[in-house]
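Undergrad: Okay, here's what each chain looks like letter by letter:
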Amino acid sequence: MTDPVILLQILWTGLAMSSYYVLFSVAFALTLKVEKLWNFSQAGLMGIAFFAMYFSVQGLELPGWMAISIGLAVTIGVALAVQVFAIEVLRRRKSSGLTFFIFTLVFAQLVAYVLTVAFGTDPETIYPSVMSHVRLVGGVAVSDWDIRAVLVTCGLLAVLYVLLRGTRDGQFILAVADNARLAEIYGINARRAYLLSSVIAAVLITAGIYLYGSRAGVTPDVPIGLVLTAVIATLVGGVGRVFSAGLAAVGLALLQSFSILFIAAKWQSLLLYAVLFGALVLFPRGLGRMSIRRAPRPPAVAALQVSPPLAGE
Amino acid sequence: MNYIASTGMLIGIYVILASSYNLIIGYGGLNTVAHPIFFALGAYTTALLGIHTGLPALPCVVAGVGVAVLVSVVLALTTLRISGDYLLIASLGFQLGLLQLVNNFEFTGGPAGLSDIPSTITGAARGPAFLAICAVLAVSVLLAIRRLMAGPFGRAVRAMRDDELACAALGRGLTSIKVLIYAFGSGTAGIAGGLYAYYYQYISPDQFTVAQSATILTMVVLGGIGTTMGPLVGAVVLIALPQAINFLHLPAGVVGPLQGMIFTSLVILFLFLRPKGLVGGSVGAARLA
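Chains U and B are the protein sequences, given in the same order. So the mapping is simple: the numbering used here equals the position in the first sequence, first residue as 1, plus 7. So the mapping is simple: the numbering used here equals the position in the second sequence, first residue as 1, plus 51.
No lab work stands behind these hints: they were computed from the structure. Computed from a predicted model, the values in this text were never measured in an experiment. Incorrect hints may appear among the rest.
[Said to hold, decoys possible] In silico DSS-like links for lysine-lysine, alpha-carbon gap of 27 Å or less:
id : chain 1 : residue 1 : chain 2 : residue 2
1  : U       : K101      : U       : K43
2  : B       : K327      : U       : K101
3  : B       : K327      : U       : K43
Make a model of the complete structure from these sequences and hints.
TA: Written out as structure tokens, the structure reads:
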């Protein structure tokens with residue numbers, strides 16, 4: 008089992024498998040950073056995105072690109088509807104974290120029940136076959152799906168980085184994440200930032216569930232498990248660190264992959280839950296928060312203070 | 052008659068569960084969602100002892116309560132440093148981890164669960180007898196919690212919920228209050244687990260999932276968090292209303308998800324129309340508004 012090729016294979020498969028975990032984790036961490044919301048309704052969005060694409064391909068026999076477009080449109084639409092008709096109402100009422108938790112969790116459950124009634128409980132994949140062309144690279148099997156997954160994930164993360172750091176809307180999102188009230192005083196539209204972060208999360212979720220559903224079977228209750236992994240990665244990465252959550256997701260996927268060397272597959276979930284509980288109890292602000300003591304970075308709002316065009320916003 | 056007894060039992064069990072959970076989350080302000088695991092520990096311990104030792108029901112249920120209390124103390128002591136959303140998520144990890152253990156161990160029956168739980172009462176009187184026991188226990192739990200919260204301990208618990216720092220400054224031991232609340236609430240959930248195991252004679256990990264956490268939580272919230280009667284009202288409404296679908300004679304595979312749809316829709320509806328719950332208005336309810 009210590010054959011380098013086997014270890015390399017596990018490493019590569021783990022990395023490829025981490026792609027959808029990364030996308031879900033970044034989506035979850037972004038929502039938590041910007042809206043201060045543990046948004047379990049993202050499990051519902053995953054279900055909606057998957058079954059929209061599944062129905063488009065296998066029910067309507069549409070080509071893949073069209074199915075992805077439909078999945079994206081439906082998911083963004085539902086994400087915005089949830090934001091406008093539910094989250095905003097609760098936010099206006101200054102509802103407690105518990106109320107938000109109940110709403111998002113129950114919404115995810117409602118979606119799962121609706122999808123169960125509509126599509127049943129058999130595992131489904133987006134395409135009729137999950138087979139993918141495989142080539143050997145130095146003895147390591149690399150499938151087309153692996154390459155597609157890694158490229159899509161890296162591409163989306165690069166776009167997100169540029170969007171957050173290089174565009175005015177991205178800076179506004181970061182400013183709202185730092186301090187929504189202060190950002191509004193500076194003329195930033197917090198509502199627009201919340202809606203935009205919902206749209207970004209919906210795009211990442213659709214991409215993630217597309218990758219997952221084109222490789223493994225999905226039932227209506229699978230997304231709840233996926234969102235829990237995103238929660239764990241967010242906590243391990245450190246609350247408020249969007250890209251660190253992605254890195255943590257890679258670490259968790261690799262931990263799961265390599266754990267097959269020393270524990271049975273059925274115990275792998277337990278490993279994740281132990282990490283979740285241990286990380287929270289020992290490092291409540293996340294592992295990323297306890298490693299290096301550094302000077303606090305000035306909040307994005309302060310940085311925007313010197314940006315003249317803001318006045319008109 | 053069996054159907055009425057079964058529905059009544061379910062309502063009674065959920066009244067016990069929701070009331071004990073309300074003690075922890077409503078009165079104590081400890082945001083945990085791990086309550087179903089104590090229900091499960093009570094049920095599994097009772098069932099395993101009943102199957103393997105042949106002991107009478109009472110010692111088996113008492114042992115179930117003991118295990119639930121013991122594990123709840125572990126949870127209470129390990130999560131003392133965290134609160135709010137962090138406690139919520141940590142308790143979720145605790146619940147899922149323990150459930151995974153139950154799911155993986157062979158002696159718990161694995162995913163298939165335990166099905167040979169002995170019947171303590173047999174014959175035509177079984178349903179009504181269990182219903183009577185369950186009703187007595189549910190009323191006792193409600194009265195005990197009401198009495199507990201009306202006394203000095205209850206005032207200390209509410210003081211801790213409203214302002215931990217001020218409560219500690221007055222010389223109250225927060226650790227002991229938290230541990231006691233967890234222990235009392237979780238032990239009561241263990242009683243519900245014992246009743247459940249003996250009445251339904253079948254338990255599996257599927258019955259104690261995150262969905263169960265949401266079910267009990269919403270009963271508390273919809274009824275009125277931090278009120279004595281709230282969990283009772285929440286349990287009755289949320290168990291009784293989805294039962295209506297049973298009379299439509301739909302295929303068995305559709306009934307469960309449809310009941311779930313009704314349940315979750317009711318929760319969302321009430322969350323927006325009655326944010327303080329059906330018996331709301333207390334200080335505890337204000338936490339949710």
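Undergrad: Each of the hints needs a verdict: does it hold here or not?
TA: Comparing the hints with the structure gives:
1. U/K101 x U/K43: holds, 13 Å
2. B/K327 x U/K101: This hinted pair holds, its Cα atoms lying about 13 Å apart.
3. B/K327 x U/K43: holds, 22 Å
The structure shown violates none of the earlier numbered hints.
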